[in-house]
Amino acid sequence: MDPEYEKRLLRQHNGQVSPYASPLSLSPVLSPSASPSKNKYGDRFIPSRAGASWHINFNMSKGSPASSPTPLSKAKEASTESSKDGLAYACLLKNELLSAGIEDMKQYQQTDERGILVPKESKNLFRYHVPRRSLDFSDSSPYSLSPIGSKSQKLLRSPRKAVRKISKIPFKVLDAPELQDDFYLNLVDWSSQNVLSVGLGTCVYLWSACTSQVTRLCDLSSDNDTVTSVSWSERGQLVSVGTHKGYVQIWDVAANRKLNTLEGHSARVEWTGFPDDLIHAIILTSLGLYIVFLFTGALAWNADVLSSGSRDRLILQRDIRTPCVVPDRKLTGHRQEVCGLKWSPDHQHLASGGNDNKLYVWNMNTTTPVQTYNEHLAAVKAIAWSPHQHGLLASGGGTADRCIRFWNTLTGQPLQCVDTGSQVCNLAWSKHSNELVSTHGYSQNQILVWKYPSLVQIAKLTGHTYRVLYLAMSPDGEAIVTGAGDETLRFWNVFSKTRSTKESKSVLNLFTRIR
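Take any residue in the sequence shown, note its place counting from 1, add 158, and you have its number in the numbering used here.
It is possible that part of the hints are untrue.
[As the list claims (entries may be wrong)] For lysine-lysine, the following DSS-like pairs were computed, each having C-alpha atoms within a straight-line distance of at most 30 Å: (1) 165 - 609; (2) 609 - 589; (3) 312 - 323; (4) 609 - 655; (5) 655 - 330; (6) 589 - 618; (7) 323 - 488; (8) 323 - 609; (9) 618 - 323; (10) 416 - 323; (11) 416 - 309; (12) 326 - 618; (13) 326 - 309; (14) 330 - 618; (15) 655 - 326; (16) 326 - 403; (17) 252 - 309; (18) 655 - 618; (19) 330 - 252; (20) 323 - 655; (21) 609 - 330; (22) 326 - 589; (23) 330 - 488.
The hints are simulated quantities; they were obtained by calculation from the structure and are not laboratory data.
These numbers come from a predicted model, not from an experiment.
Please construct the entire structure, taking both the sequences and the accompanying hints into account.
See below:
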């Protein structure tokens, strides 16, 4: 045996460092805090034939502690188009460099959910060969002119979900002078004939979305009255106008004439003080009593039957074809002002919200509510029935509540609740997808678009400087118009016309089952 080699072996056996050792191997010995139990390095050195390339040789999961993003950054990445492009590029690199054989990004996302570093092809920590693509031409054709393989070509041709983009700028803004900043009024509605009706002071104006022509329908100044609510019939030929004195006027838009005036929302009450949210006009009589004009602030059509709610706590249902023959149907239950009214899509149930924080559901047969919901902590004005799931009702509370709640009216059970952080003024479901829009007042004055049932916030629209008190949807279900006390009407494109390809699997959707 070579004497020099024998000396080196003895030095290594006795724990001494070889003079020919690698410079990197000196650190464990020279360190003053090194432990005697640590491994001692000899002079044998194996060169590395390739770099570490951890991001190529191993799968690093997004959920690993070394690179786990915060929830905020994760949400931003999921909502941006660049993250999807980066994912496609990563799949392409894995196909071309590692022959991963990924044909769909969903397949890559499923295999990428592991929480540790796992080698793809072998369990060896070090590899001393570069993986080469097989030569059986199964991945690419010798006659192909593409620089990438067939699997990568399939990956690039695989369908990708279109990125949802909602413009945060309104596509049209109209001036609306004298648009009242009153939570209990409903002064904006959009007809099925694509005509917008707006109550401004003592007048009702019509704006055609097709021609942008503005016409004045009526003026109540001669009666010393003001407009408190407007609502279109389902066919878009008639518009009902609620007034400050409690009257409901029915107008024929095509003929531009008033068909009828419905009374019933004025009552005789004893004086109990002057709360601003109850009494608007008081007339002293010789009997020491006061006549209170209770304005009609909520209107809802059901074919030829018009429902109206007022501050007299009553809901009146009247057939406009025979207003004098058929007596009014009175629904009693609310203890304070009726703020919102909405008929269900099947025309069988009426939902009403009041200033008493109650949400009632009525049917066509009784004059008392069949369901009562008491969970809201403030006035309930925002009400919307889902057109996609039978019996699904959404409601929103005022400033002290700030919540949107969902109810199963088939069983009477609450479903979900989300705190919006501000007063909920209006709700409206999309006609084509399981989404809804909400408008808000104190204190953020914003418009939010939600995905149901995940209740993920899709978009947040701002621009109004006052409470967004009024909301209406276009007949095609794509655009909405919002109104506020800043005396502007803003038009937004928030919903898509395409119907969702995923069919609802909810047990509430009775229309997807054969009975």
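Hints violated by the structure (numbers, ascending): Hint check: 1, 7, 10, 11, 13, 16, 19 and 23 fail, others pass.
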